[in-house]
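*Asks:* Here is how the chains run, residue by residue.
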Amino acid sequence: MNIALIKQYHENMPKRQARRLALTSLERFGLGAIALRRNPALGNEERFCVMLLRAAMVKDAMILIDQPFQMVPHLKDSGFIMNALKKIDDLYASCHIFDYRWMQDKYGGL
Amino acid sequence: MAFFEILGNRVIRMLSGFAGTIAFSWKVFLRIFQRKTYSSAMREVLVNQIYFTSVQILPLFLLVSIFFGSLFIGIVFTLLKELGLTQFIGHVLMGLIVTELSPFLTVLLITLRSSAAINTEMAVMKVNREIKTLEIFRIDIINYLVMPRIINGIISIVLLSSLFSIVLLASGILFSRVIFGMNMDVYSNLVLNSTDFSDIVISLCKCAVYGFFITLIPIRFGLRASRELTSIPVVVSQGMVNVFGAILMIEVLSLITKLL
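So the sequence lines, in the order shown, correspond to chains X and B. Here the first sequence stands for residues 1 to 110, where the numbers follow my numbering. Here the second sequence stands for residues 1 to 260, where the numbers follow my numbering.
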């Protein structure tokens with residue numbers, strides 16, 4: 001429910017409304033069931049999606065992902081990351097991914 | 001010479017720490033009156049904190065206040081009877097037990113339970129870099145983490161101390177009947193005649209000051225933790241020692257205020 005906190009704090013959004021919004025956003029990834037879990041109980045992909053959503057909760061969000069393959073090490077390519085970004089593309093203004101040059105292959109044609 | 005250098009350094013460090021705490025207290029105190037402090041997120045934390053500090057502790061607190069309060073009232077009443085000072089029951093009850101003992105015991109209980117928890121929580125948050133994450137999201141640490149805990153401290157100590165006083169006065173009814181054969185009307189008259197409004201105001205103010213500092217000091221020390229896990233026990237023990245120092249200082253200051 002850290003996702004809801006951003007809206008509650010910056011926009012003074014009521015608790016229920018903020019939680020509903022966070023839950024709806026998590027449902028986009030099919031992760032509604034993890035809404036009440038704490039960070040250590042999350043898998044790598046789940047944690048990545050939560051962090052992404054949390055970043056997207058800020059108004060006119062500019063998302064910067066630093067070395068995403070460190071967060072989800074077992075991914076073979078950027079498919080999962082791009083798919084996740086596409087699912088919430090209406091929530092952020094722009095997104096930049098930073099990684100080392102030797103990771104270029106994992107990003108395919110990007 | 002080395003001895004004086006070490007002593008001087010310690011005194012300077014202690015004084016600058018004290019000045020830092022006072023400056024931080026003033027900053028936090030001003031925020032209490034700012035409307036933007038009370039965001040939806042802060043209010044949620046405040047409600048949770050009040051639940052953890054005041055509601056969860058109620059069964060234990062009632063048990064301690066009934067047991068300890070009755071014991072204390074019993075001893076004091078027996079002593080007063082033996083010394084032939086029955087006419088001072090009211091003054092002893094209001095002046096010593098209600099205005100001095102209740103806030104002191106309440107603050108000790110809450111310090112042992114909640115201040116230690118707050119100190120550790122803050123230190124763990126600092127070590128886990130949760131504080132850093134909040135700062136990244138432009139969430140003001142004072143508004144979101146500090147203020148709910150401090151306001152909770154003030155509310156909880158005032159309410160729990162009042163509850164402690166009520167329990168003490170109620171057990172006084174029983175003991176005045178058993179020891180002095182006094183009926184409830186006489187007892188109530190004695191207590192009401194000895195009640196000084198200024199004493200109650202000082203007592204409530206003291207509770208509020210206690211509540212403010214027994215939450216502020218652990219937060220301040222908790223936030224001093226470094227990124228090392230080993231810094232947690234260090235800042236917790238420092239914080240708790242300073243809290244007990246602050247309690248004694250407030251107690252002495254309130255006694256001086258009463259004397260003036």
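Watch out, some of these pointers could steer you wrong.
[What the hints assert, rightly or not] Quick list of the computed label-pair ranges, beta carbon to beta carbon:
1. M184(B) to A41(X): 53 to 61 Å
2. E130(B) to Q17(X): 20 to 28 Å
3. L15(B) to T24(X): 51 to 59 Å
4. G32(X) to L229(B): 54 to 62 Å
[Stated by the list, open to error] List of simulated lysine-lysine pairs, DSS-like, C-alpha gap at most 30 Å:
5. K15(X) to K36(B)
6. K81(B) to K15(X)
7. K106(X) to K87(X)
Read the hints as simulated data drawn from the structure, not as lab findings. From the three backbone atoms N, C-alpha and C, an ideal C-beta is built for every residue, glycine too.
*Asks:* If a hint holds in the structure, say so; if it doesn't, say that too.
*Replies:* Here is what the structure says about each hint:
no.: 1; hint: M184(B) to A41(X): 53 to 61 Å; verdict: 57 Å, holds
no.: 2; hint: E130(B) to Q17(X): 20 to 28 Å; verdict: 24 Å, holds
no.: 3; hint: L15(B) to T24(X): 51 to 59 Å; verdict: 54 Å, holds
no.: 4; hint: G32(X) to L229(B): 54 to 62 Å; verdict: 34 Å, violated
no.: 5; hint: K15(X) to K36(B); verdict: 16 Å, holds
no.: 6; hint: K81(B) to K15(X); verdict: 58 Å, violated
no.: 7; hint: K106(X) to K87(X); verdict: 20 Å, holds
Comparing the model with each numbered hint stated earlier shows that hints 4 and 6 do not hold.
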